[in-house]
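Undergrad: The chain contents come next:
There are 2 protein chains.
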Amino acid sequence: MRDVAIIGAGMIPFGRRDEDSLMDMLAYASLKALDDAGLGDKSVDAVYVANMGAGILQHQTSIASSLVDRLSLLPAAADVVENGPASGASAIKNGLLAVASGYYDYVLVVGGEKMREVTGWRATDFVATMTHPQAEYPYGITLPGMAGMFTRLYMEKYGVTREHLLAVTLKNQAMGALNPYAHVEMTLDREGIFDSPHAVVNNPVAADPLHLYDLCPVSDGAAAVVLCPLELAKKHAKAPVLIAGFGQATDTHTLQERGDPTDLKAVTLAAQQAFEMAKMKPADIDVAELHDAFTILEIAESEHVGFFKKGEGGKAAAAGKTRLGGQLPINMSGGLKARGHPVGATGVAQVVDIVYQLRHELPENRQVKNAKTGFTINFGGFGNNVVSFVLKRVEP
Amino acid sequence: MRDVAIIGAGMIPFGRRDEDSLMDMLAYASLKALDDAGLGDKSVDAVYVANMGAGILQHQTSIASSLVDRLSLLPAAADVVENGPASGASAIKNGLLAVASGYYDYVLVVGGEKMREVTGWRATDFVATMTHPQAEYPYGITLPGMAGMFTRLYMEKYGVTREHLLAVTLKNQAMGALNPYAHVEMTLDREGIFDSPHAVVNNPVAADPLHLYDLCPVSDGAAAVVLCPLELAKKHAKAPVLIAGFGQATDTHTLQERGDPTDLKAVTLAAQQAFEMAKMKPADIDVAELHDAFTILEIAESEHVGFFKKGEGGKAAAAGKTRLGGQLPINMSGGLKARGHPVGATGVAQVVDIVYQLRHELPENRQVKNAKTGFTINFGGFGNNVVSFVLKRVEP
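Protein chains in written order, with full-length UniProt numbering: chain A, 1 to 396; chain B, 1 to 396.
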């Protein structure tokens, strides 16, 4: 297996992008990554497009074939990879293994989603298409609904409090406000959404015990990376980032079938695989992007992957250990919570953010000093298909 | 790159399967392939699901995550791969490269589609979601419409006649009638659909100059293969089939942008890549499955991949050179024309049929005697994303 590096990364500002088609967004992010890679007129051998909903939201299929033409990358091979909200990381995985195999040298991976194509309940319904078609979807359960029940169980079992969740909200919202690519640009204060009598209006219950600002927004967006063998990567301009480890694991489709529904086995396994391949352990990681579609997930994942002991993740967040300058900064991009969560784009955007961290390119108020190693969790379904990466700076 | 072999293959009868859900079909085909591979209780490391339309037709996403649970293959990694009607071959490609890389040992690839979920114009509209969203779809062009225009040009340029097309129809329909997995079980005779005055009723114009029986049906179905390194394959019961070559190439999304719209560049390129990797040439092939969604495509592809010279494919079909016992038997399964074309399943079904041929398991009336090498073309869009394989029998 050849070592594979990321030599280019790019993304477009997430948010509401009514003026852009899905194809526009995929093309913009791709061009930024190709440009960042300094490939110039050189083409790529293959393109992987991560997308969950073009069929439902845009009534389109075969978007990889369309994109490769739009980008003038013909006759490069092109496929779409779908794994719900973990489509982005799954697409990177397939690009990684294709390059690792020796068959392709240069691969573009781009993830995108235009979720604001539909509004109101249709957006929630679109996301719910990932639930079990017989055991869940017909009964009206939504992803926020599942997250609410999961949070209640987690609170009862591990003593997580709303105070802990609030710490995640405030941190990620503050970081998002500093990130030009983030969807939600406003900062929030504790007073307005928690302490004051107006909090009940400003931050209403969404799926008890989760409130509005415990949930990520519905976003449009796209992000891209360019992969090649580490050996070739050294020829390119910027510092390459090695994909040192990768893991992917599945769990039961429905939460109700899990012996302990608070146990996110696929998260634990995917992370273990990634650490094992990288020959590293959680304590070796300098910065992480976790899949905080709901604030509880950042806390639960930080425990399941081994950054904190079970029951300690919430306390760690409240104590500032996951802030910039803390023991392990998490979601310095603002996370899904503030950067936004265009489902097909998210897994790629997480890796793009870590690449920026490991290249030391971010402004001081977001850059983890001298970061050398990064970690991601991209969470498909409600933890039924999870993909993890360990990334490593390669010193020039 | 490790050599990769197919150690198991299975499919379910294509056709109208109102009683089965998409997930049922994917599961049945998978179980047949796993059983055929003799894996017993051993699980697989990863699952690739080829599917084009679950979002549009079943309002479902994340079906790979669901399938891996349904099959009790947890915690195997699982992704969906989509490349329009070439999704099946694209999924096999990704399984191939994943095993070739050394990361996974055992991979299940299953393709399926439940197209009869919708009826009438909705089925044609679903297929048309692969056309260009700005330059084609809004103007009402359909895939049969494109095929009609392509046929007219091909007839004018290369002298293909309706007699040539008829030869493909009759051959594939006759072979389909012998294939228990085929959708269309009836044989047709020349008199009824061509010569008699009733032909105009029995076989009406569908997209001039193509008639009804020049087009494949709209089918439900699923097919699966199990891959592993050739080295491990030798331990398993049946004769392994080596994936000796693979190629994939793209072309402009719209036909109108091609300098010569009769030139299927992506077909030529994908085949060249596959032959090059296999260190073989077209004359080395014993049996082929080509993508005859329309009869003209079998003829055009047989020329573009190098089995016959340009302008000779139609004559070769009419002269019986592509029949069983002929110079190069094509579509001994009945092809898309008679086996059916559940889009996500087709590319996998083609490979399954070649595996049966190379294992010498078919009844005498379909088996190419002593077949040692096989070839496939899976045609995405209207030739905008094409995948090809060269397969080789490994003597025990």
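Any given hint could turn out to be false.
[Claimed, not checked] No more than 25 Å apart at the CA atoms, straight line, and that leaves these computed lysine-lysine pairs for DSS-like:
| hint | chain 1 | residue 1 | chain 2 | residue 2 |
| --- | --- | --- | --- | --- |
| 1 | B | K234 | B | K265 |
| 2 | B | K42 | A | K265 |
| 3 | B | K235 | B | K281 |
| 4 | A | K279 | A | K369 |
| 5 | B | K265 | A | K42 |
Because the hints were derived from the structure by calculation, they are not lab data.
Undergrad: Has the given pair, B/K235 with B/K281, been kept, meaning a C-alpha gap of at most 25 Å?
TA: violated (30 Å)
Undergrad: Take the C-alpha atoms of A/K279 and A/K369, compute the straight-line distance between them, and say whether it is at most 25 Å.
TA: Holds: A/K279 and A/K369 sit about 23 Å apart, inside 25 Å.
Undergrad: Going straight from one Cα to the other, do B/K42 and A/K265 come out at no more than 25 Å?
TA: holds (20 Å)
Undergrad: Does the structure keep B/K234 and B/K265 at a Cα separation of 25 Å or less?
TA: Violated. B/K234 to B/K265 sits at ~37 Å, over the 25 Å cutoff.
Undergrad: Taken at face value, is the distance from the CA of A/K42 to the CA of B/K265 at most 25 Å?
TA: holds (20 Å)
Hint compliance for this structure: hints 1, 3 are not met, and every other hint is.
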